[in-house]
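S.K.: With the hints as constraints, model all of the structure from the sequences given.
2 protein chains.
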Amino acid sequence: MIDYYDDRRYLADAKKIIRIKVVMKIIGVLLVSLLMLVSNVAYSQDVTVKIGHKDSLYSSILDETRNLVVTLPDDYEATGKSYPVLYLLDGTENNLIDARLVAYNLKLEFIIVAIANTNRDRDMMPLSRPSYKVENPQAHHFLSFLGEELIPYIETKYRTSEERTIRGRSLSGLFVMYAFLAKPELFNNYIGTCAGWFADMGDYFTELSNKAFKDKNSFNGRTLFVANSLSDPLDPKQEIHQSLVDFSKKIKSALGDQVRFKYKTYENAGHVPFAAFYDGMKFISESEKDE
Amino acid sequence: MIDYYDDRRYLADAKKIIRIKVVMKIIGVLLVSLLMLVSNVAYSQDVTVKIGHKDSLYSSILDETRNLVVTLPDDYEATGKSYPVLYLLDGTENNLIDARLVAYNLKLEFIIVAIANTNRDRDMMPLSRPSYKVENPQAHHFLSFLGEELIPYIETKYRTSEERTIRGRSLSGLFVMYAFLAKPELFNNYIGTCAGWFADMGDYFTELSNKAFKDKNSFNGRTLFVANSLSDPLDPKQEIHQSLVDFSKKIKSALGDQVRFKYKTYENAGHVPFAAFYDGMKFISESEKDE
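If you're matching them up, the sequences are chains A and B in order. Anchor point for the first sequence: position 32 equals 32 in the UniProt record's numbering, and the numbering is continuous, going up by one each time. Anchor point for the second sequence: position 144 equals 144 in the UniProt record's numbering, and the numbering is continuous, going up by one each time.
Rather than coming from a laboratory, the hints here were simulated on the basis of the structure. One or more of the hints may lead you astray.
[What the hints assert, rightly or not] Under the rule of at most 30 angstroms between Cα atoms (straight-line distance), these lysine-lysine pairs were calculated in the DSSO-like manner:
#1 B:157 x B:214
#2 B:81 x B:50
#3 B:264 x A:50
#4 B:50 x A:107
#5 B:237 x B:250
#6 B:214 x B:250
#7 A:214 x A:264
#8 B:21 x A:25
#9 A:16 x B:16
#10 B:54 x A:107
#11 A:15 x B:81
[Unchecked claim] Here are a few chain A residues that sit away from chain B, every Cβ distance over 12 angstroms (derived from the structure):
#12 23
#13 45
#14 48
#15 55
#16 60
#17 83
#18 121
#19 122
#20 132
#21 141
#22 204
#23 222
#24 236
#25 252
#26 268
#27 270
[Stated by the list, open to error] Going by beta-carbon spacing under 7 angstroms, a handful of chain B positions derived as facing chain A:
#28 56
#29 78
#30 159
We put the beta carbon where it would ideally sit given N, CA and C, even for glycine.
M.R.: Rendered as structure tokens:
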């Protein structure tokens with residue numbers, strides 16, 4: 001005979017076993033699902049390549065969080081070396097892949113920081129004109145964000161050398177020109193592919209250049225590479241080309257050998273010539289060899 | 001009182017509970033490990049891009065399995081369209097990324113088939129000479145593999161148009177030249193960046209050309225783009241450059257307008273000029289527009 005106490009305990013234990021069995025079935029199903037998920041992720045037939053890792057920082061100046069993708073050189077972890085940094089405007093996946101491929105082909109080692117856009121017109125444009133209207137041009141704020149927030153953040157977190165390169169294309173190429181004139185000490189190398197401005201922006205950039213070139217020393221040792229195409233569908237009247245021809249004369253007469261400067265036009269290369277980024281990175285790397 | 005039978009049953013059930021608890025602990029640890037693994041794989045901060053999917057086929061001709069990475073156009077699944085195919089020799093990740101970026105920039109839609117090497121010298125070289133010694137040159141076998149095995153496999157499995165392009169660089173660029181002369185009907189477009197041969201291979205290619213150019217019609221509508229660099233460290237005496245200058249004269253006099261042919265040299269671009277693949281793809285795409 002089972003006494004009342006033991007009977008209750010037995011029943012309770014029996015219920016426990018049933019509950020445990022149910023839980024185990026659920027866990028079993030979960031385990032199988034998880035294993036399928038893992039095998040799907042790890043053993044899929046897809047071929048993927050890692051192009052970097054996510055990073056971000058909150059900018060007080062812009063009052064928003066800015067997303068980054070950072071690519072470290074392959075041997076970053078294995079070495080104790082410090083690396084130059086390439087700041088990539090319009091930091092899309094394709095631009096980052098482009099930059100990685102260019103660095104790979106030129107055998108250059110860079111930490112690449114791709115900066116995703118939030119409000120591109122606001123950040124890239126220092127002005128608004130009928131040729132390109134921008135509601136709220138705030139390039140000076142974006143430049144402060146780079147100098148006061150992003151660069152210190154990157155240089156604290158990663159092993160960086162003191163060499164900084166910025167690259168923009170099209171609208172962000174115009175920003176690179178603005179940054180070169182407004183804060184030449186911030187980067188060592190400025191690459192603007194499909195940079196330049198329309199005719200109605202000429203006065204603004206003339207004034208900015210005049211002011212900037214008064215302090216020649218701040219440009220000492222800087223490198224500037226700008227490029228565009230004579231068949232740019234966004235520049236049908238070759239106004240951007242003309243702005244850069246004029247600027248080339250101006251910078252040569254004002255700064256002479258103070259800066260390494262190259263303006264390259266491509267005959268039939270559409271908007272943002274494919275080879276221009278490679279040629280720009282080659283130009284700045286040759287500069288390093290000279291030193 | 002508990003009778004003997006019930007006592008045994010109780011004890012057995014108690015042991016069962018203990019065993020189940022141990023098993024559950026193990027499962028718990030497994031679950032946590034799996035969750036960590038999954039979160040690491042799926043929610044890591046890594047940024048990856050899919051560049052294609054794995055494929056492979058067994059080649060009776062080469063008596064080995066050949067690995068491929070195939071990239072389908074973004075809208076492949078959504079459309080019922082057939083696409084041209086770009087066969088990429090030296091099918092490394094970087095060459096595939098390069099090809100994808102070039103296609104993206106030129107707004108070209110291709111199925112890209114990257115063919116991984118097994119024995120590169122054997123497959124790419126039709127001959128062995130003191131300038132480049134190959135133990136067992138079997139380019140004719142590799143060409144048969146392409147024509148009789150790979151292309152039928154790809155054209156059965158994927159929605160392909162009839163337009164086929166082959167691209168090689170350096171040693172595989174030499175193979176592209178060989179393929180153009182040995183089997184001009186196999187591809188519509190041949191791109192050899194850093195193609196050409198050393199002086200001691202000249203006789204072989206002269207004989208191959210003489211034989212090939214007897215049947216002018218087999219070259220009808222073909223496009224050939226070859227490129228190299230005047231500063232190629234692997235061609236210090238410019239023998240490869242000279243071979244292509246001579247070949248250019250020969251093909252123009254033998255075939256005239258029968259083929260679209262371009263030979264481009266780059267001044268200071270090292271081995272395999274960065275822009276050459278883009279320029280080659282641009283050249284073949286302009287050919288399509290002409291038609």
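S.K.: Each hint needs a verdict: does it hold in this structure or not?
M.R.: Checked hints:
With a C-alpha separation of about 35 angstroms, the suggested pairing of residue 157 of chain B with residue 214 of chain B is violated against the 30 angstroms cut-off. Annotation: proposed proximity of residue 81 of chain B to residue 50 of chain B holds, straight-line Cα distance about 22 angstroms (limit 30 angstroms). A distance of roughly 34 angstroms separates the Cα atoms of residue 264 of chain B and residue 50 of chain A; the hinted pair therefore is violated under the 30 angstroms criterion. For a cut-off of 30 angstroms, the pair hint linking residue 50 of chain B to residue 107 of chain A stands: about 24 angstroms separates their Cα positions.
In summary, the hint linking residue 237 of chain B to residue 250 of chain B is supported, as the alpha carbons are separated by about 21 angstroms, within the 30 angstroms threshold. Of the pairs offered as hints, the one joining residue 214 of chain B and residue 250 of chain B holds, with about 12 angstroms between alpha carbons and a cut-off of 30 angstroms not exceeded. Annotation: proposed proximity of residue 214 of chain A to residue 264 of chain A holds, straight-line Cα distance about 26 angstroms (limit 30 angstroms). With a CA separation close to 14 angstroms, the supplied pair residue 21 of chain B and residue 25 of chain A stays within the 30 angstroms bound.
The straight-line distance between the Cα atoms of residue 16 of chain A and residue 16 of chain B is roughly 11 angstroms, inside the 30 angstroms bound, and the hint therefore holds. For the proposed pair residue 54 of chain B and residue 107 of chain A, the alpha carbon gap of about 28 angstroms is at most 30 angstroms, so the pair holds. Only pairs whose Cα atoms come within 30 angstroms are accepted, and residue 15 of chain A paired with residue 81 of chain B is rejected, the gap being roughly 61 angstroms. Not every C-beta of chain B lies more than 12 angstroms from that of residue 23 of chain A, the closest at about 8 angstroms, which undercuts listing it as non-interface.
Not every Cβ of chain B is farther than 12 angstroms from the Cβ of residue 45 of chain A; the closest lies at roughly 5 angstroms, contradicting the non-interface assignment. At roughly 4 angstroms from the closest C-beta of chain B, the C-beta of residue 48 of chain A falls inside 12 angstroms, breaking its exclusion from the interface. Annotated as non-interface, residue 55 of chain A brings its C-beta within 12 angstroms of a C-beta of chain B; the closest such distance is 8 angstroms. At the 12 angstroms boundary, the C-beta of residue 60 of chain A stays outside the reach of chain B, the nearest C-beta of that chain being 23 angstroms off.
With a least CB separation of 19 angstroms from chain B, residue 83 of chain A remains clear of the 12 angstroms interface cut-off, as annotated. Under the 12 angstroms C-beta cut-off, the non-interface status given to residue 121 of chain A relative to chain B holds; the minimum distance is some 23 angstroms. Listed as a non-interface residue, residue 122 of chain A keeps its Cβ farther than 12 angstroms from every Cβ of chain B; the least gap is roughly 25 angstroms. Annotated as non-interface, residue 132 of chain A keeps its C-beta farther than 12 angstroms from every C-beta of chain B; the closest such distance is 23 angstroms.
Taking the minimum C-beta to C-beta distance to chain B, about 27 angstroms, the non-interface status of residue 141 of chain A holds against the 12 angstroms cut. Every CB of chain B lies more than 12 angstroms from the CB of residue 204 of chain A, the least distance being 31 angstroms, so the non-interface label holds. The claim that residue 222 of chain A lies off the interface holds: its Cβ sits roughly 23 angstroms from the closest Cβ of chain B, which is beyond the 12 angstroms cut-off. At roughly 19 angstroms, the least C-beta separation between residue 236 of chain A and chain B is larger than 12 angstroms, which holds for a residue marked as non-interface.
Consistency note on residue 252 of chain A: stated as away from chain B, and its beta-carbon is indeed over 12 angstroms from all of that chain's, at 22 angstroms minimum. A Cβ of chain B approaches the Cβ of residue 268 of chain A within 12 angstroms, the least distance being about 9 angstroms, so the stated non-interface status is violated. Against chain B, the non-interface label of residue 270 of chain A is violated: not every CB pair exceeds 12 angstroms, the least being about 9 angstroms. The interface hint given for residue 56 of chain B is violated, since its Cβ lies 10 angstroms from the closest Cβ of chain A, which is over the 7 angstroms cut-off.
Nearest Cβ of chain A to the Cβ of residue 78 of chain B: about 18 angstroms, over the 7 angstroms cut. The hint is violated. Hint on residue 159 of chain B is violated. Least Cβ distance to chain A is approximately 18 angstroms, over the 7 angstroms limit.
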